[in-house]
Amino acid sequence: MTHESLSRRSVLASGATALGVSLAGCSGGGGGGGGGGGPTVGILEDRSGNFQLNGTSKWQATRLAIEEINENGGLLGEQIEIVDPDPQSDNSRYQELTERLILQDEVDALWAGYSSATREAIRPIINENEQLYFYTTQYEGGVCDNTIFPVGATARQQLGIVTPYLAEEFGEDIYIIAADYNFGQLSGDWVNVLAQENDYNIVGEEYIPLDETDFSSVINRIQDEEPDFIMSMLVGANHENFYAQRATNNLESIPIGTSTAMAQGHEHIRYDPPALTNVYAGVSYMEELGDLREGENFVEDFYERWPDANYLNQEAQNNYFSVYLWAQAVEEAGTFDQQEVISVLEEGRDISAPSGDLTLDGATHHMEHEMRVARADENHDISFANNERIGPSFLREEVEGGDGCDLREEDKTTQYVPSDVYDV
Amino acid sequence: MIAATAAPLTFSAYSLIALLFQFLNSFGFIVLATVGLAIIFGMMGVINLAHGEFILIGVYGTALPFHAGVPLPVAMIGGVVAATVFGVLVERTIVNRFYDRLLDSMVATWGLALVVSQLLLIVFGSSLDSISAPMGSVAYGPFSSSIYRSVFLPLVAVAVLVGLYALFTRTEFGIKARATIEDPETARAMGIDTDRMYTVTFAIGSALAGLTGALYAPALGSITPNRGSTFLVEAFVAVVVGGPSVIVGTLSAAGVLSVFNATGSFLFGTFIGQMLLLLVAIVALRALPNGISGYLDDWQQRRRAEE
Amino acid sequence: MSGSLDGGSTSLLGRVRDRLEGPNTIGDSPAFWVGFAVAVAALAVYPFTTDPYTIIQSSRYLALSFLALSLCFIWGYAGVLSFGQVAFFGIAAYAFGIIGINLSSTVGVGVAIVGAVLAGTLSAALLGYFMFYGGVRETYVTIMTLVVALVLNTFMAQTAGSEWAVGAAQLGGFNGMTDIPSLTLGVGETALVLEGVGLYYALLVALVASYLGLRVLVNGQFGMTMVAVREDEARTTTFGYDVPFVKLVVFTIGGALAAVGGVFYASWGNYIDPSVFGIAFAALPVVWVSVGGRESLLGAIGATLAIERMRTGLSSGIGPIGSEWALVIVGGLLLGVILFLPAGVVPRLADLTDELREKRSERSQSTAATEEPTE
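Residue numbers (the numbering used here), protein chains in the order written: chain B, 1 to 424; chain A, 1 to 307; chain D, 1 to 375.
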């Protein structure tokens, strides 16, 4: 099927060149590099709509990294062009723009999307065109796909660092609240997996529609169950109100573990204390961590380039280092050819990132991250604890009956979920 | 995979109090979200799809001065004023062309909504710092509820409805306004400046939207340019369930919808609460095509006819 | 449709034209049909003049045009404004996905098409019956259809768990349903998978056929009844027409058209998600039809193509104007059209050409052959 359509498309493309006419007139001044020109990178990050709060700094950090590379002479002697239309948090627009960036602008690598819904929306297009694609949001994990590099920390990495820490500090009764969609439900499953492995008790579990803003009934139920701590995988601007309502109801005494709050939407800055007091996030990076590389200052560079930026979030750092990861692979491959770059990446690579010395696992396309627990105190000051290096163990060691997923050995375009391995 | 519903609270006197507070919370929200839309719809027949953005202007009009150091109650006045001024401008330039074109008014105000929310993004950036809710909480048994959301706002909601009732029945303006709604031709013949009546009515609706925004600015959590939709759907549903009469309609619709919403959320979790609210709206529309207040009017007329 | 200039009503062509023309459609002149034929021919050769990406995008716009046609038909001709036309579009898209994934074969795709269109049509009939026989009218119809779409949106968004599956098809919650098959033509080994250009032509043929079919319908006897219902329900009732029944039939046909669009849309992206039921998407058909002119089927299609093309273009910004202004421009344009061209662009253009024609015929009794094409 794929082959047939591809060949038909190439016939067509040559027909188009022969006629040399394009009615596509106003395709916009986003700097469409177009086929045949220099190397081009596509950035699709939300700068308006529902996810703009998280997407904007991802877009800013990606641009920063590419501009830095260009200032230092470019890649393989060529300046990299950027195509970066705004997908407006709209998944059908994402599909459309992904097609455009691949077919019209012929991007050599693509950074796209905040939510996992977006990633799933464009994944068929990525697969059909075998496009090299970096997905940089922290996510539920399990994507094992030929041309996709999900370089953000996964739920197993994030929850794996923060849940045991809280259980040890505060007790083993956990109340789970999470956004009612794939990411939230799978994250909830991961907390359940951790509870099974360590004999914690799940005293309550609740999934909340993404457009809900009122948490009075949720708070009453939590008060009823009196958990030792809450695991919160709430998502988006609507759900943030939970933290505000928690402060109103003097619930700060019950600590919260999370994989979503603070490191992305910087709630600890946007909300007055004590809304986020005693919130513990499992993170790979936050702006407060600064830059762990020698003689570099990512945070300063970022704000110098984008003085109006709100926050440098965890995802933005992923965009930043993964651009360099790609650039290194291009240099080593000596070409922008996507398959060859992927082959180089699949050999595995060490990279020095602002968040520490990381390793790309070639077989699974995922990162070994330096994970840590970030805690907001009563003034919303951030402190870090429990630094640990965690690899993508779920994909590497657990799926396929323990054989793991190895993209160097076989082609795959799949996503594993915890219930493939665990009884949840 | 786990069932998506939460376990209900242990049944006790305390949990019934919790349910009552949840009901009040929901009731206050629906009344305040609806009343501005209801006035403009009930009195002028215009459906303002930018209603959420009017409220948002109230939110921004409150949050911006508050972050500049103005005390919250004073900042709230700023929110009301901003929305009112904006409402008058919109009425004079856009809405006054749509008084006899109800459906077109929906399309035009939808366009306006897009423009306003995106302009807020361009001008004020992706979010404003949020404001903490005042007044703290009341504790009972193991539970607590926010005084601001569950006591203060419902009281304000009732006060707004009482105030509107007085305005429309006890003042000369109210009588003129109602005359204009009933029969604009005759009203004009009697020397009422109907254009002015419409402008003032629209301004009142906008001011109430601004008030809602001002009051919810500290109870909204994040303040981002797309929060308008938080209010729009509930307001929409309540207006049609309530029917054309502003006060009776808003009051009865908010009562019915929040009973279902609060009980659903209380017993089965927030998802069921949301679904119940929408499903009740569909059933209510089918059973009472002119809304609750339309049904009450019919019933009264029938009774009068029988007597 | 080879664009003959003779208007003789005795020829076969003339009889076909008689069926297609009438007081309820704009563009009855030979010049219009020439223009129409040229436009269709231009769309037919378009794929040879452009790149694969543009063809894929244009296919998307064509699929959305069905949604516009469907709303134009029920709103423009029967006065029923549905703000939830996307519900039937989305139901058909999901149904196509569910059946197509479960019967993964070329025959399966055929079954899926029929099943999906039926699902969309029947749900429109059901909702129509519920509303029109229950006395729900005017604005309340608008709200009710919107609320139905929002219920579906809320419901589908939470179907993320593995328990929400129909056979092999996962509903997928907020993330949507993936792996929806592409359309195929034919059976077995020889079947042609409709992707890229193939899908484009399938859409073009289906759209032209639907447009011409609707013209026949609205200019026929039933069309006259529809317009009568739009203009004055009470009087139509006194003439002995069953108004709720007429509305039900119209609403059901509208649902079927939206369903056809939904099938194309789902197979276009091999993907569907609950945002098709959301308020932002629900507003789009109303936007297209208002701008194009609610009483002009062709206007609705044209406006869909133009507005969607513009929205795509604007997402990259235009010259110095950044992409952040895209929504401001779209909203402003909408406001401007509604304020200054209340009937929509196409009816206004038609009026203008009529005026021009009258002026010209006053001056000299020239023949119609020199007219400029309307629409």
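Bear in mind the hints are in silico, worked out from the structure with no lab data behind them.
Don't take every hint at face value.
To be verified - Computed footprint of chain A on chain B, listed as stretches where at least three residues anywhere in the stretch have a Cβ under 8 Å from a Cβ of chain A: (1) 128-137; (2) 203-213; (3) 271-277.
Unchecked claim - Residues on chain D that point at chain B, a partial pick, calculated with CB under 10 Å: (4) VAL40; (5) ASP51; (6) THR54; (7) ASN102; (8) THR154; (9) ILE180; (10) ASP273; (11) THR312; (12) SER315; (13) GLU324.
Glycine included, each C-beta is placed from N, C-alpha and C at the ideal position.
Annotated coverage of the segment 271-277 of chain B by chain A, confirmed only when three residues or more have a Cβ within 8 Å: holds (count 3)
Going by Cβ atoms only, is ASP51 of chain D closer than 10 Å to chain B? Holds - the Cβ of ASP51 of chain D comes within 10 Å of chain B, reaching about 5 Å at its closest.
Satisfaction of the ASN102 of chain D interface hint, Cβ to chain B closer than 10 Å: Violated: closest Cβ of chain B sits about 18 Å from ASN102 of chain D, beyond 10 Å.
8 Å C-beta test of the segment 128-137 of chain B against chain A, three or more residues: violated (count 0)
Please verify that hint: GLU324 of chain D, Cβ, nearest Cβ of chain B, below 10 Å or not. holds, 6 Å
Could you check if VAL40 of chain D really has its C-beta closer than 10 Å to a C-beta on chain B? violated, 15 Å
Interface hint for SER315 of chain D, Cβ within 10 Å of any Cβ on chain B: holds, 5 Å
For the hint on THR312 of chain D, just tell me whether its beta-carbon gets within less than 10 Å of chain B. Holds, because the Cβ-Cβ distance from THR312 of chain D to chain B comes to roughly 6 Å (cut-off 10 Å).
The hint names ASP273 of chain D as touching chain B; please verify it with the least Cβ-Cβ distance against 10 Å. holds, 6 Å
Coverage of the segment 203-213 of chain B by chain A, judged on three or more residues with CB within 8 Å: holds (count 9)
Would the hint on THR154 of chain D be counted as holding, given a Cβ-Cβ threshold of 10 Å to chain B? It holds, given that the least Cβ distance between THR154 of chain D and chain B is near 6 Å, below 10 Å.
May I ask you to test the interface hint for ILE180 of chain D with respect to chain B, counting a Cβ-Cβ separation under 10 Å as satisfied? For ILE180 of chain D, the interface hint holds, since the closest Cβ of chain B sits about 9 Å away, which is under 10 Å.
Of the numbered hints stated above, those contradicted by the structure are hints 1, 4, 7, listed in ascending order.
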